[in-house]
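So the chains spell out like this:
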Amino acid sequence: MGEFLHQLASGVALGGVYAIMALALVMIYQATQLINFAQGEMAMFSTYFAWKLIDSGQPYWFAFFATIVASFVGGVAIERLIVRPFANAPVLASIIVFIGLSLIFNALAGWLYGYSVQSFDSPFTGKPLFGAGYMSAHEAGSLVVTLAVLILVYAFFRFTPLGLAMRAAAQNPTSSRLVGIRVGWMLAIGWGLAAAIGSVAGMMAAPIVYLDPNMMGGVLLYAFAGAVLGGIDNPFGAAFGGFAVGVLGNLVGAYLVGDEVKLSVALAIIIAVLVWRPSGLFGRRIVARV
Amino acid sequence: MITRRTFLQSSAAAAALAASAGSARADNAPGVTDTEIKIGQTMPYSGPASAYGVIGRTESAYFKMINEQGGVNGRQINLVSLDDAYSPPKAVEQVRRLVEDEKVAFLFNTLGTPSNTAIRPYCNDNKIPQLFVATGAAKWDDPKHFPWTMGYQPSYQTESRIYAKHILATKPDAKIAVLYQNDDFGKDYLIGLKDGLGADHAGMIVKEASYETSEPTVDSQVVTLQGSGADVLLIAATPKFAAQAIRKSYDLGWNADRYITNVSVSIATILKPAGLEKSKGLITGYYGKDPADKRWADDAGLKQWKAFTDKYMSPTEFIDANAVYGFGAAATLIQVLKQCGADLSRENIMKQAANLKDLELPMLLPGMKINTSPTNYSPIRQMQLATFNGENWELFGELLTG
Amino acid sequence: MADADRAPEALITLAVALVALAFPFVASGYHIYQGAQVLIYAVALIGLNLLTGFNGQISLGHGAFFAIGGYGAAILIVKFGVPYWAAIPLASVVCFAAGFLFGFPALRFGGLYLALATFALALATPQILSYTGFDSFTGGSQGLTLVKPHAPFGLGFNPDQWLYFVCLACGAALYWAARNLARGRIGRALIAIRDQPIAAETMGINAPFYKTTCFGLSALYAGVAGGLSAIAVGFVSPESFGLPLSLAFLVGIVVGGLASLGGVLFGALFIEFVPNIADQLTVSFGESAKALPGAIYGALLILVMAAMPMGVAGAMRKAADAVRHGRAPPRATEVDKDSGASVAANYGGKEESP
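So the sequences go chain by chain: A, B and C. Here our numbering is used: the first residue of the first sequence is 1, the next is one more, and so on. Here our numbering is used: the first residue of the second sequence is 291, the next is one more, and so on. Here our numbering is used: the first residue of the third sequence is 693, the next is one more, and so on.
Just so you know, not all the hints are guaranteed correct.
As the list claims (entries may be wrong) - Restricting the straight-line Cα-Cα distance to at most 30 Å, the calculated cross-link-like pairs of lysine-lysine (DSSO-like) are:
| id | chain 1 | residue 1 | chain 2 | residue 2 |
| --- | --- | --- | --- | --- |
| 1 | B | 628 | B | 659 |
| 2 | C | 771 | B | 641 |
| 3 | B | 455 | B | 434 |
| 4 | C | 771 | B | 429 |
| 5 | C | 1010 | B | 429 |
| 6 | C | 771 | B | 434 |
| 7 | C | 771 | B | 417 |
| 8 | C | 840 | B | 393 |
| 9 | B | 393 | A | 52 |
Don't read these hints as lab results, they were simulated from the structure.
For reference, chain A alone in the conformation it holds in the complex:
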């Protein structure tokens, strides 16, 4: 029983990181109807930015918020400069651009910061909670952060005019322009917010998975699986999906098929969900009228 609880706890902890990444994916999808394959590498690069700040003596929370702001600006810049020229190109062109971006960020991080593993401090120190080491203080703290981000994203889209404008711009650019929404800037802000959320995911992940240029590859895959499972247009769904993938991955890996094929489990989840319920567990079902 103890082992089961440990697997559950570690699955939830990691699932929180997947959930935040999935929220970043949701943000981009809501804003641009695209899936950003470079999200992981951007998050990793942001985390290195934070690491550099902390390394040079800044306090953690200053670095944390400075990184969020810097990532937002960076995301807006990338959208305006690199993604925008391909707005009318086929989807495939955008995918290639995202792949190119992820290659650039990965190589840049390696060049600037080296490939050795770095430690990244957590702001949540102290004794593990719940005794028996089920969850370290950091893991519990990052769960709280996950929930905070989730609520913020949900509230943003549901209750703020900007969120509404962004959703409108994504779903119906032409009509949105007619009512005065600056569609171009909506896309840019969407990218900025996604980059900011991604940086939070990176900073929460780094104390667990350790910081190196290749740290977000696997996380991104599981975040995709989570977003697909929960519904890529629903923040709560995507977050739930992230947690579910974290827990399922651990449990299935530990008890069913062995840890050797955990990645294939993620693949299987993606395919199964897309076949049986393409909009995800909580997404809106889109019906195309002929």
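Put chains B and C on the given structure of chain A with help from the hints.
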């Protein structure tokens, strides 16, 4: 009296002697001129194993230093180091480029078991020395089938055999759990462990858990291993995952004897991130000096290493165990080249590589010697067990030979 | 106009064929090896182009089918002693089946989701290949080593040249087959399904059948390429078939030109040589910049996409049209008869609704 006949006879004899002496010495290898020896290697400078790229950079810097000191027997060393992204097809292509386009004399310290396995037939078919391959797989010590391929570091199987012996000696009733990377590196540790335990003790291993390098963490695997009730844990993991395993096993409150691969023992880059307190009690088979270990502060070998990195590299590399590795491998090669003297044919290079006697290097443990012979293609076979006391690695026992 | 178009095209094909045939006699062993690699990539790219360019199904995971072909051929050769000229076709049949089966769930995915699913496939492939349960066949993480075949019947080619000719023959045959397919009824059906799926079904085109068959075919091509690659390299291991390979294929067809069979040659040349060029460029940045080739490669991708969205083939076509006809390039509604590429092609992405 020197008659015309004797003169002709003696000059004919002299000419014959000169001719035979000339042909007894084989031609120098391609890439060798009067002023330069060109050698090649492939390293993963990009991709999942890019942390090891520092080895190539260190070796390049070392040869730069040697060149500034006059080279080897008057020749400068020119290392052409290409990226293979840890992909065997790319490695084959780059090696062919090095040999056929760049015309290097031989290959040195190419990294990665898959890459080296892929190029081994080519090197042996074409009689190109594949020296000091940077992998610990056991298969490189096979002069009978692959006379042109030679390993370098103690093999992973040797290492885990030593751990097995230690477990049998100190905890014969142990229940052993193994965390291993799902590739040749990790699996070799499992094989060596089982080999060292022997068939009648094979039951000591109660649980094995593997992971892929694309996984974010191994926390789940560590939980599974603890759940098996084991009291000994072998961590056959590369740096990032080793750090995770060390931290998680401590956080779980798991009181096991932890053995760890000597690939992942650097204080600065692995134990510190994991937590020095959490790393207490780790046991490993040590063969080099950790620069971050205060005990070596006044050691002559370490001072050499520090002087080298001060001039040619940076403080980051000073504490990087991979860089130290490259430093040693490059020095070993220089010794081989020195021994070659004027004969730099591929045959002689291979011959001298298999003829290292009691070579000592500045960053190897005191008393360790490198030896090779035509039947022994494993230059470094010794290691000494060490345990981490929270600050540095304490050696214990004696120098063991695998 | 048909004849005027055909003549230069025939000339170009002839020129390419002559160069390809003469190449192994003038080049060194290493360059012949590279030439064979280009041909191998071209075959894989034809397959992917059929699926993604002509049929609009985005696959980021074709490395998986390449791997099935490679491992399939290697296992047949090493474990079962099948000769290489039989092993490759056999392995490619397996790939067809795998692609066909994957095509069924793929019917349910839209463009982006298929991209996502195939991305996951590419990431999971090395893990599946190194699964311990398959070890007795795959050789596990040690991989399988193959011997290069020698030219038969005492033909005077060295193994490098022989392999090149085998790849050339396979490539030419498969290219010819694909070209006929693309130009015929099936090709038009695929394009129709890509551009106007609902109208196509209304016209009686059995979209599911065509889409799954197209998946199977493209997997077959990738499998042939994989088998040839296994023999060329002489070694297969899980590390040979990771995510970078699948991404490289995608890059290849986009750079070469979507739905342009002629363009795959450019795509293959790009994949084969640009990483090496990026390598050379970083020499000037110093030793620590050895990691930069990835960044240069990524930057090149974006630049090529910005400058030549229809790929090299598209850019060349535009230039040729401008030279030949001296008029404006084709309008958005025109469809190029050779490649079926419509300039405003939409691959299952955003729908613009008024």
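Hints, one by one, checked against the model:
no. : hint           : in the structure
1   : B:628 x B:659  : 18 Å, holds
2   : C:771 x B:641  : 36 Å, violated
3   : B:455 x B:434  : 28 Å, holds
4   : C:771 x B:429  : 21 Å, holds
5   : C:1010 x B:429 : 56 Å, violated
6   : C:771 x B:434  : 24 Å, holds
7   : C:771 x B:417  : 28 Å, holds
8   : C:840 x B:393  : 22 Å, holds
9   : B:393 x A:52   : 43 Å, violated
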